[in-house]
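Student: Okay, here's what each chain looks like letter by letter:
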Amino acid sequence: MIENNTIFLIPLMPLVGFLINGLLGKGLRRSTIGMVACAMPVISFAVALSLFIKFSQFGLECDLTFRQIMIPWIGVGSIGVPFGFAVDHLTIAMTLMITGVGSLIHIYATGYMSHDRSPERFFAYMNLFMFSMLVLVLADNILLMFVGWEGVGLCSYLLIGYWYEDILNAKAGKKAFVTNRVGDFGFLLGILLIFALMTGNGTPSLSFAKINEVIPKFAPVTYEVPVIGGSIGAVTLICLLLFVGAAGKSAQIPLYVWLPDAMARPTPVSALIHAATMVTSGVYMIARLAPVFMASPAALSVVATIGAVTALFAATIAVTQNDIKKVLAYSTISQLGYMFLAMGVAAFGAGIFHLITHAFFKACLFLCAGSVMHAMAGELDMQKMGGLRKWMPITFWTMLVSTMAISGWPLFAGFFSKDEILWKTLEKGMTSQQGTLFYVLYGIGLLAAVFTAFYMFRLVVLTFLGKPRMSEETQKHLHESPSSMTIPLMILAFLAAVGGFMWLPGVIGHGKFAWFHDFLAIREPAAHGAHDMAGAEWTSLALSVALALGASGLSYLVYTRGRSAVEKLAKTVYLTRAMYRFSLNKYWVDEIYEAFVIKPIYYGSIALWLFVDVVIIDGLVNLAGILVKWGSTIFRNLQTGFIGSYAVTVLVGVLVVLWYLILQVLK
Amino acid sequence: MEHLIAEMKPLSPVLIVFTGALAALLAGVFSKKENSYALPYIGITTVAFAFVALLNYWGRGMIWLLQGAIRIDSFGLYISAIILIACLITFLASIGYAKRLGFEHGEYISLLLFASGGMMLLAMSADLVTLFLSLEIMSISIYALAGMARHRQKCNEAALKYFILGAFSTAFLLFGIALIYGATASTKIHAIAQVQGLKPLLVAGLGMLIVGFGFKVGAAPFHVWVPDAYEGAPATVTGFMAVAVKAAGFAALLRVILIAFPGTWAEYWWPVFWAVALLTMFLGNIIAVFQKNVKRMLAYSGIAHTGYILIGLVSLGIAGSEPYIPGMKALMNPIAGGMLFYLLAYTFMTLGAFAVISLAARDEDDLETLDDFSGLSQRKPVVALAMAVFLISMAGVPPFGGFIAKFYVFKGAIDVQGMLLASGVKEYHALALAILGIITSMFSVYYYLRVVWFMYFREPLEDRPSVAPSWGLHFVIFASSVAIVVLGILPSGFFSVASRGAEALVR
Amino acid sequence: MSDVMFVALAVVSTASALLLVTRRNPLYAALCMMVLFGTTALLFLKLSAPFLAAMQVLVYGGAVLMLFLFTIMLLNLHPEELGSEKGLTFKLSAGILSAVLAIFLIYAVKFSRDMTGGSFPELPAGSAAFGSAESVGEGIFDAFVLPFELVSVLIVAAVAGAIVLTKKKL
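Chains as they are written, first to last, in my numbering: chain A, 611 to 1277; chain B, 1046 to 1552; chain C, 7 to 176.
Hints may be right or wrong, so weigh each one.
Said to hold, decoys possible - Listed next, the in silico DSSO-like pairs over lysine-lysine satisfying Cα-Cα at most 30 Å (straight line):
(1) C:K97 / B:K1206
(2) B:K1144 / A:K1277
(3) A:K1196 / A:K1209
(4) B:K1199 / B:K1337
(5) B:K1337 / A:K820
(6) B:K1374 / A:K827
(7) B:K1199 / B:K1144
(8) B:K1233 / B:K1144
(9) A:K994 / A:K1086
(10) C:K116 / B:K1199
(11) B:K1144 / C:K116
(12) A:K1277 / A:K1209
(13) B:K1199 / C:K174
(14) B:K1144 / B:K1206
(15) B:K1199 / A:K827
(16) C:K116 / B:K1233
(17) C:K97 / B:K1233
(18) A:K1077 / A:K1209
In case anyone wonders, no lab produced these hints; they're calculated from the structure.
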């Protein structure tokens, strides 16, 4: 634990940017606003880089934490929760990614938002988001992380509002709202439970270091579950509650429904919040609390299963979507599923590795999509694109590189990271006692990889190759984007191409080239004789490569040559037609939620309101009258004075209270 | 006589306030109309003096006065401080507002001071007779204040409804006091606990007291007056009503319940408060969702906040009813401290929000419909930012004071639950209440954010003649938002003060 | 004998109180109130509290009621100005609930008596002269000096409030 007093600068800079643009932005020139907004994350990046250099001076494997306690925050009795930041290897990796990719997206946004009415508001929210995200990542205790957690959620809403008229009345907003509330509820409850356990243990602290040290000791403690019966481990309960939070923020089954709808806002926002940073905070949280999760194999299995199923489920939906951003949204959900799969098989390093490579190629993909939209005047339907390669060569090539990366082409970033996850899953299957589950998850992961390669190449082919399908009018306006947009694209594409060399598979050179693995090694459980299984790892690698290339090739062939034939096939044969319709309609999950969750809650609330107001208050008043009405023919006007019915409500309350109390005494 | 004067000395904060009230009344009568702008300053000066006198007695232990009619202790002083702060903020916010609505006169200032004095006495009463009379001083003044903007139809209606329902509930309170006197032959609060016989009568009295205080703090189902009264009364008065009446009501409730019915008596009352808290949270939050009028929405939100504070009381009751569990007693002071902290945070959020509402949208009306808030961020960016801070804090989103307050309260319930489970008691009432509380507070974000939404993402409607806010109003909005941020970021010091305040009730 | 008298007084006072709240014409209501005050004074007398009884008659029966009557007569309202009658349903439900409340309280007293064998707590020492002028005076200037002073504050506040709500021009 080393004190370091520069950490606070990392989140502070974006906050300064927010204050400048938020309070003074109206009077500033457009270029100044952009400059301020971009400079702040860049400075943060520089500070983070300086910290990273300090780490590397100590050597990659050195277990080291920089800490900065700013001020004491909450104190209850003996518990003290400070405002403090802690930076270890995991944190610095995340911080570099957030500030680095964030800076690129900010720069891109100066070009993308060049025609916007009030860029100062947009950039202020973007900077505020960066601030919250960095607080989330740098927090030294779980409560401060929750501050960042709520902050990013709030900024996400604010940025939806930038596009929508009234988000909280719009369907999409309601969905995002409800699912995120469910997630936050789980998270907060988990925090309170941790708090209770920590207090009970006599270690009143909420810092991650202490939590990771103390909570796993509670593994043998079980609680009886009231109502249902049976019992649940204390640590498992905590992990599951936290995972509910993670699933809400990181869009996993069953709380993923908000993410595709969140795509209707500016593309830089999608790239920053809904691809690279915010949605990965659930993964980060689990990695942060890795020792706690490892104390509960049951919870890890749940995480792994949900992750793998989400990966496949979302990938099958992405195959039939025609909206370019929707495809990318489902793709993000699917990739997040991979990360959770990694967490679930206790391959925390591999998960974070995939998180970072994913940030590179998915940010690049989103920004490319934004570039296409910029050129096509906001068109999102891939059916109306095609042949764009001619007009937008840079966008095409960068998109192709990141598509190859996400599809898992050999030597590209996604290949190494995704394969590491699949391999760890397989390895877990070979070494653990409940192997079957992990073999199945491995299979699901492979299948999802096939779908991934297929739908991504479908996207590229439909958008950039073939004959142009847009109107003549649109064609005239087609142009490559300005350099402020293409330069970030190229940087990201470069990273997507070579990012994987941070961590080469263990079989190559016996793990000598897994630098990033070493960097995050502290979080990995001891490998069980990895060298004995070199053969299996090579096989797994080869299988991945073959499937990725095969699926890409198939997709290319289908969508350049035989598109009509295949689609005809998909629509005529009964089985494929059913599958096609399932996928196209996203398995009707939205409709199911609407019918079984949203509507009941909504009407339930109204019903409760009406019930209390009309039935109880007025009903009591009317009850006696109805009795009279039945008994005789007296019809008076039944109007009830307001004060009268209020007083009657109070009177009823009095009676219930007295009745209860007197009965209690007589017991 | 000299003896009496010496004994009255610790009561000086209250006496100063009453003296100020008389001074304002006389100044209002004898001064010329064009000098009436100076009247709020009489109130401000009075409050300042009273505050200094109050601080003088902080930390001096318990002082019994006048044959046990009054007990000046840290709890009473803490609540009195909240009331004086609320009073001060109301005076500042009234500068300009009172003139616009035509009640810039001595009586307004005087009644506010009378109400504050009554509330402070209420918080310090150790005798049920004193308690009842101070409650009446408070209530009568507030009834009149609620009807202050006489030309507004809604305002008159609000005052009348509040008056009639208030009288109705006070009758229950008085009846309760009579029953307790009948059972114990004493009106001293601390003497009640010693009596064991005549339980049915005593408990019936307890029930009546719960109703009476429940009405004042706006707990369901005794909340019925809140929406109409809050909506109708002038915004500054509403703010004062929402904060000070609630603080004083909670002070009396806590003192009577915790001192007169301590320990295993809690078995009787905590289930009642459990049900009341649950109903209050659900009713307040759910009905608030359907409100189009921000003042009315805040009224329901105030009801919901009462529910959250009551969670603390339930936790105290559950903890108190299991005295044999080791460590349980140690939990009680932080829980009570959390409740007092909640009241402090609530003071700033609510008064700040109502100060914003008192900014005119149209000439004489308050800023109250959602449409009035459309695009406020463009017309008055600083005010809109402050309002957003107040609302987000009320929703319990970190890092503002409201979050910390809710955190303390929920944590208290979870701690009690943990202690119960650890000693093998398999009851889940505290946990259930905490979970349901968290759920309702999660969903309360919806209606708070909606206002933020209108302020930031709607274009302003037709150009409304906006009145320039007075310096006092600006100061209030600024100071309250700073206070909320400070309470959120540096709560420890305030919490330890609140815990010391709670020491007088539970150690 | 004393029980019969108590029951009679109680019945009359309760009945007059009920009539008081149900009459539409304020004049009749005021007259019912007079009966109520009178019977209450008699109840005080029966509890051997002559000073309270005298005050009840003088202050309430004399001063307060006269003020009411003056006000009512000055206003001289027509029947149609009195507003419409509340629905029967409301009256019924309020009546039923109040009756239930009364039953609850009666039972609370009964249970208390059963539990303790009818021994209600003794009044504080020196209460032999309870309700006499001396004991009331002692109470006001000794044990309850603060509440007594608070009443004056209450009255000032109430007067200020009444003025502010009713005076035409301020």
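Student: Now look at each hint and say whether the structure bears it out.
Tutor: The hints, checked one at a time:
At roughly 18 Å between alpha-carbon atoms, C:K97 and B:K1206 fall within 30 Å of each other, so this suggested pair holds. For the hint pairing B:K1144 with A:K1277, the CA-to-CA distance comes to about 59 Å; that exceeds 30 Å, so the pair is violated. For a cut-off of 30 Å, the pair hint linking A:K1196 to A:K1209 stands: about 19 Å separates their Cα positions. Taken as a hint, the B:K1199 and B:K1337 pair is honoured in the structure, with Cα atoms around 16 Å apart against an allowance of 30 Å.
Under the criterion of a C-alpha separation no larger than 30 Å, the hint pairing B:K1337 with A:K820 is inconsistent with the structure, at around 47 Å. About 27 Å separates the Cα atoms of B:K1374 and A:K827, which keeps this hinted pair within 30 Å; it holds. The hinted pair formed by B:K1199 and B:K1144 meets the criterion: a straight-line CA distance of about 19 Å does not exceed 30 Å. Among the hinted pairs, B:K1233 with B:K1144 is inconsistent with the structure: their alpha-carbon atoms are about 44 Å apart, more than 30 Å.
Simply put, A:K994 and A:K1086 have alpha-carbon atoms about 15 Å apart, close enough for the 30 Å limit, and the pair holds. Restraint check for C:K116 and B:K1199: the C-alpha separation of about 46 Å exceeds 30 Å, so the hint is violated. For the proposed pair B:K1144 and C:K116, the alpha carbon gap of about 57 Å is over 30 Å, so the pair is violated. In summary, the hint linking A:K1277 to A:K1209 is not supported, as the alpha carbons are separated by about 43 Å, beyond the 30 Å threshold.
The hinted pair formed by B:K1199 and C:K174 meets the criterion: a straight-line CA distance of about 18 Å does not exceed 30 Å. Between the alpha carbons of B:K1144 and B:K1206 the distance comes to roughly 25 Å, so the proposed pair stays at or under 30 Å and holds. Restraint check: the Cα-Cα separation between B:K1199 and A:K827 comes to about 61 Å, which exceeds 30 Å; the hinted pair is violated. A threshold of 30 Å between alpha carbons decides the hint, and for C:K116 with B:K1233 the separation of about 25 Å falls inside it, so the pair holds.
Our distance criterion of 30 Å between C-alpha atoms is broken by C:K97 and B:K1233, whose separation comes to about 38 Å. For the suggested pair A:K1077 and A:K1209, the alpha carbons sit about 45 Å apart, so the restraint of at most 30 Å is broken.
Comparing the model with each numbered hint stated earlier shows that hints 2, 5, 8, 10, 11, 12, 15, 17 and 18 do not hold.
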